[in-house]
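Participant: Could you build all of it, start to finish, from the sequences and the hints given here?
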Amino acid sequence: MISRKRLAVFGVILGLVAIFATVAFANLLTGASAKADCNGYTLTVNAIDLTPGTAYTITYFFDCGSSSQASGSINFTATSSTATETVPETPWPGGPLTTNCSLTGSAKLTSSGSTVAITINGSSPATLTCTSTGTPKSFAIGPSSMEGDLHIAPGDFISGGYNFKFTDGSHAATMYTVKATVTVPVSCPNGSTENVVIPLGAPGKLDGGGVTSFTYNIAAGDTKNHATNDQNSILAWEGAVQASANLCGGETGRNQTGAVFNATVTQNPHVGLVDWQFHYRDPNAKGKGNVNCTNASDPRRNDAATCGASWSQTVRDP
Amino acid sequence: MRPRQPWSSSKPKWIGRISRGAPRTLPSLLIVLALLVFLMRTDAFAASPRLLTARFTGGCIGYTIAVTGEGLRESNSIVSYNITLTPPTGEPIAIVDSFPVTPEKDGRFHGTIQGTWKNFEFTLAGKYTLSGSAILASNLTLLHTLPVTFSRKNMNCRPARSS
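So the protein lines, in turn, are chains C and E.
Yeah, the first sequence ends on 320 if you go by this note's numbering, and it's all consecutive.
Yeah, the second sequence ends on 168 if you go by this note's numbering, and it's all consecutive.
No lab work stands behind these hints: they were computed from the structure.
These numbers come from a predicted model, not from an experiment.
A few of these clues could be false.
Sample of chain C residues facing chain E (criterion: CB under 8 Å; computed from the structure) [said to hold, decoys possible]:
no.	residue
1	Gly136
2	Ser140
3	Ile143
4	Glu149
5	Thr266
Some chain C residues judged to face chain E by a derived CB distance under 8 Å, without partners named [stated by the list, open to error]:
no.	residue
6	Ala72
7	Glu87
8	Lys181
9	Val262
10	Val317
11	Pro320
Don't be surprised by glycine CBs; every beta carbon is placed ideally from N, CA and C.
Facilitator: Structure, rendered in structure tokens:
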């Protein structure tokens with residue numbers, strides 16, 4: 003049998019434990035919610051059982067796998083027994099997230115150690131779909147002299163084109179925007195040089211469709227040549243211009259150095275390396291008649307000897 | 006008749022003409038001089054944008070391209086470089102990349118970029134002959150091209166060890 007004295011001591015101990023336990027959990031976090039996207043987050047934390055006039059600190063932490071982490075703290079003085087504290091829109095410390103991530107977070111009231119998981123966008127963890135936004139990149143290929151020694155007369159149609167393909171079939175889908183030109187330097191009899199610049203736009207359209215850029219929808223894993231690597235296809239030509247009647251003061255000039263392909267490209271998102279080729283053609287300089295290789299209504303353009311032009315070497319762009 | 010000595014102290018006739026016309030000629034000369042100075046300050050005689058040097062150093066792992074140039078006034082200018090590695094047999098490897106260049110006040114510019122072949126997913130193995138060109142461009146406008154000079158034109162790269 004347990005004596006009354008022992009029972010009293012047990013009762014006192016139990017009471018003390020209960021009292022201390024109540025003290026330890028006097029300040030509680032009842033919840034935390036965040037709105038987060040690839041650029042940053044906002045956070046709201048609720049606390050109860052606070053002592054008015056007392057200063058508190060809430061620390062919080064976000065984890066997005068190995069790609070990114072963020073942490074911070076909220077310092078506040080309680081004005082009542084409850085508080086709702088917020089962190090205004092805050093960017094991720096390493097800049098916008100560029101990869102998909104499973105975002106989790108927790109908040110802790112330091113005075114009591116009360117900790118809650120942060121509900122992010124209504125769930126925890128929250129999946130953020132983030133990819134790198136495409137940044138334009140410029141490069142130039144050449145001079146490449148696939149066409150040899152050209153005698154370019156005023157009024158000649160000169161066509162230009164390109165093809166590209168992604169090197170690796172493991173890439174994600176992307177929008178690939180290409181803004182490009184082919185420049186053909188013409189040496190004039192008087193010793194000067196005049197550039198014939200061919201803006202490149204839509205593939206297979208007359209004079210590039212009158213546009214100076216084109217966006218290709220590239221499917222995930224696509225390693226095909228765009229628009230085509232068939233050097234005679236009309237799709238292999240993205241633009242054409244007619245040399246000015248005043249080229250070289252109306253005289254025939256010469257191109258022996260080849261042409262230069264200039265491009266500004268944007269992958270959105272950036273997904274991989276790309277192999278590039280370009281070509282150009284002045285059928286008249288080849289004795290094939292003055293043919294615009296982007297003109298589908300001119301049957302001469304279908305002749306491989308007229309509008310078929312060798313590609314430059316393949317050049318890889320990162 | 007005594008021949009005239011080149012070191013004779015007598016003034017040539019043209020000096021006499023300038024001296025006599027000085028009151029009228031001097032303002033004209035000053036105007037021409039001021040015009041010249043003005044034109045020089047307004048870059049009328051500025052060099053056209055061009056690359057002066059484009060130098061490749063590197064090896065089987067990576068490389069450095071260093072360029073210098075002058076006469077650059079255009080904004081958003083880049084130097085694009087094409088490097089081709091040609092093996093004794095088989096397909097050449099060619100890469101292209103670029104970096105922005107910003108001119109100083111006098112139009113001179115310089116830039117350096119480092120890269121690795123791995124960036125282009127190439128692993129070099131065997132012998133290669135190098136060639137290439139550097140291109141100065143601005144907003145898709147070709148400004149100048151220059152062949153790249155190489156610290157060595159040939160490379161011999163060992164095959165990668167299999168682990």
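Participant: So which of those numbered hints doesn't the model satisfy?
Facilitator: 1, 4, 6 and 7
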